[in-house]
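A.B. asks: Each chain, written out:
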Amino acid sequence: MHEVGITRSIIEIAEENARREKAEKILSLTVEIGGLSGVVPEAVEFAFEACSKGTLLEGAELRIDRIPGRARCEECECECDIDRYTYACPTCEAFALNILQGEELRLKEMEID
Amino acid sequence: MCNECGCSPAESHHHDHPEEGGKTLRIEEDILGKNNRLAERNRSFFAEKGLFVLNLVSAPGSGKTTILERTLADLGERHRFAVLEGDQQTSNDADRIAATGAPAHQINTGAGCHLDAHMVGHGVEHFDLDATDILMIENVGNLVCPASFDLGEDHKVAVLSITEGEDKPVKYPHMFHAADLMIINKIDLLPYLRFDVEKCKAFARQVNPKIEILELSCLSGEGMEAWYEWLGQGVKKKAVPSSTFKVENQATLNIEH
Numbered sequence: 009m010h011e012v013g014i015t016r017s018i019i020e021i022a023e024e025n026a027r028r029e030k031a032e033k034i035l036s037l038t039v040e041i042g043g044l045s046g047v048v049p050e051a052v053e054f055a056f057e058a059c060s061k062g063t064l065l066e067g068a069e070l071r072i073d074r075i076p077g078r079a080r081c082e083e084c085e086c087e088c089d090i091d092r093y094t095y096a097c098p099t100c101e102a103f104a105l106n107i108l109q110g111e112e113l114r115l116k117e118m119e120i121d
Numbered sequence: 709m710c711n712e713c714g715c716s717p718a719e720s721h722h723h724d725h726p727e728e729g730g731k732t733l734r735i736e737e738d739i740l741g742k743n744n745r746l747a748e749r750n751r752s753f754f755a756e757k758g759l760f761v762l763n764l765v766s767a768p769g770s771g772k773t774t775i776l777e778r779t780l781a782d783l784g785e786r787h788r789f790a791v792l793e794g795d796q797q798t799s800n801d802a803d804r805i806a807a808t809g810a811p812a813h814q815i816n817t818g819a820g821c822h823l824d825a826h827m828v829g830h831g832v833e834h835f836d837l838d839a840t841d842i843l844m845i846e847n848v849g850n851l852v853c854p855a856s857f858d859l860g861e862d863h864k865v866a867v868l869s870i871t872e873g874e875d876k877p878v879k880y881p882h883m884f885h886a887a888d889l890m891i892i893n894k895i896d897l898l899p900y901l902r903f904d905v906e907k908c909k910a911f912a913r914q915v916n917p918k919i920e921i922l923e924l925s926c927l928s929g930e931g932m933e934a935w936y937e938w939l940g941q942g943v944k945k946k947a948v949p950s951s952t953f954k955v956e957n958q959a960t961l962n963i964e965h
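Here the protein sequences come in this chain order: C and Z.
For the first sequence, our numbering gives the first residue as 9, with consecutive numbering after it.
For the second sequence, our numbering gives the first residue as 709, with consecutive numbering after it.
Don't read these hints as lab results, they were simulated from the structure.
Any given hint could turn out to be false.
Unchecked claim - Straight-line Cα separation of at most 27 Å, BS3-like style, residue types lysine-lysine; simulated pairs:
hint: 1; chain 1: Z; residue 1: 757; chain 2: Z; residue 2: 945
hint: 2; chain 1: Z; residue 1: 907; chain 2: Z; residue 2: 879
hint: 3; chain 1: C; residue 1: 33; chain 2: Z; residue 2: 742
hint: 4; chain 1: C; residue 1: 116; chain 2: C; residue 2: 61
hint: 5; chain 1: Z; residue 1: 909; chain 2: Z; residue 2: 879
hint: 6; chain 1: Z; residue 1: 742; chain 2: Z; residue 2: 731
hint: 7; chain 1: C; residue 1: 30; chain 2: C; residue 2: 61
hint: 8; chain 1: Z; residue 1: 731; chain 2: C; residue 2: 30
hint: 9; chain 1: Z; residue 1: 946; chain 2: Z; residue 2: 757
hint: 10; chain 1: Z; residue 1: 944; chain 2: Z; residue 2: 757
hint: 11; chain 1: C; residue 1: 33; chain 2: Z; residue 2: 918
hint: 12; chain 1: Z; residue 1: 742; chain 2: Z; residue 2: 757
hint: 13; chain 1: C; residue 1: 30; chain 2: C; residue 2: 116
hint: 14; chain 1: C; residue 1: 33; chain 2: C; residue 2: 116
hint: 15; chain 1: C; residue 1: 30; chain 2: Z; residue 2: 742
hint: 16; chain 1: Z; residue 1: 742; chain 2: C; residue 2: 61
hint: 17; chain 1: Z; residue 1: 944; chain 2: Z; residue 2: 918
hint: 18; chain 1: Z; residue 1: 879; chain 2: Z; residue 2: 918
hint: 19; chain 1: Z; residue 1: 945; chain 2: C; residue 2: 61
hint: 20; chain 1: Z; residue 1: 909; chain 2: C; residue 2: 116
hint: 21; chain 1: Z; residue 1: 918; chain 2: Z; residue 2: 907
hint: 22; chain 1: Z; residue 1: 918; chain 2: Z; residue 2: 945
hint: 23; chain 1: C; residue 1: 116; chain 2: Z; residue 2: 731
hint: 24; chain 1: Z; residue 1: 742; chain 2: Z; residue 2: 946
Chain C with its partners taken away, still in its complex shape (with noise of 0.2 Å):
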């Protein structure tokens, strides 16, 4: 259950943004998991809702974008969606897939007041 600890991060970086504004309380936020990120995006809604309790963020929306994992293939070049890490393309079953996108765990906006 490391996502109670992702969990703090997230309220932790969401409240200095907001106190930077100035802003009495945090409406929404929005926050990018990717598929490969090792984050349950279940987890992370689960802790939201204790770990708000008394800050800022206290009944705010959590609007949860989740990231496909996806790569593409250095030998014969095609792109696949992957959902966990694996370097053999489908196609060509070589072990040459790069990863472009999943790992991805990041706080991209919110709405304050």
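Given chain C, work out where chain Z should sit, using these hints.
C.D. replies: Showing chain Z alone in chain C's frame:
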């Protein structure tokens, strides 16, 4: 009209609406950014001290502490070690390491499932790093969470014991993807188990084609020399040029006298 659902404010609402006048801020900040910054700070501090730093990760019971005990006993004369031990509770592992004579410090993470860069930064305050060549960080036994947290180490070393099954690397791909070296431990048990070493290596390379692999038994001692050789190479690479210079100078002086 409400931007969220397209309803008009006069209609009855079944969900909360953000209050009017909200302002959208683009943040684009890495959620692990703080840990990564602290890990980089650790890394440059360790480089300044010429330290070779390993982050040992595995499932509980794979033999990390026993590998360390044997390594410290065998190499105590060759290298100067310091060991940070991470566990949720107890100082049992640090006590075992301290019994070998090496400086050891226990970090208890409580409910936490991994060490982070902040804990390590403070953990090393207990050591005289000027008198240390190798810092071993034994992470909490867990093949999931420690993969995401950089501590400032040179390498993550994933230990897999053959009682766990050869498919661990594909079951826990994040960890084996993040590791630079995989140690297959307890090979003295090979005659008693159905464990296919070659299959295990192939699984590891599926998730990490560049991973180095060593096979050993810290109980029988088989394969330990290759591990010691690997450690020696790492120490040589990280040693601060000035300290090497001092040693060379010393050698020259000795020859002259």
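A.B. asks: Compare the structure with the hints numbered earlier in the document and write down the numbers of the violated ones, lowest to highest.
C.D. replies: 11, 19, 20
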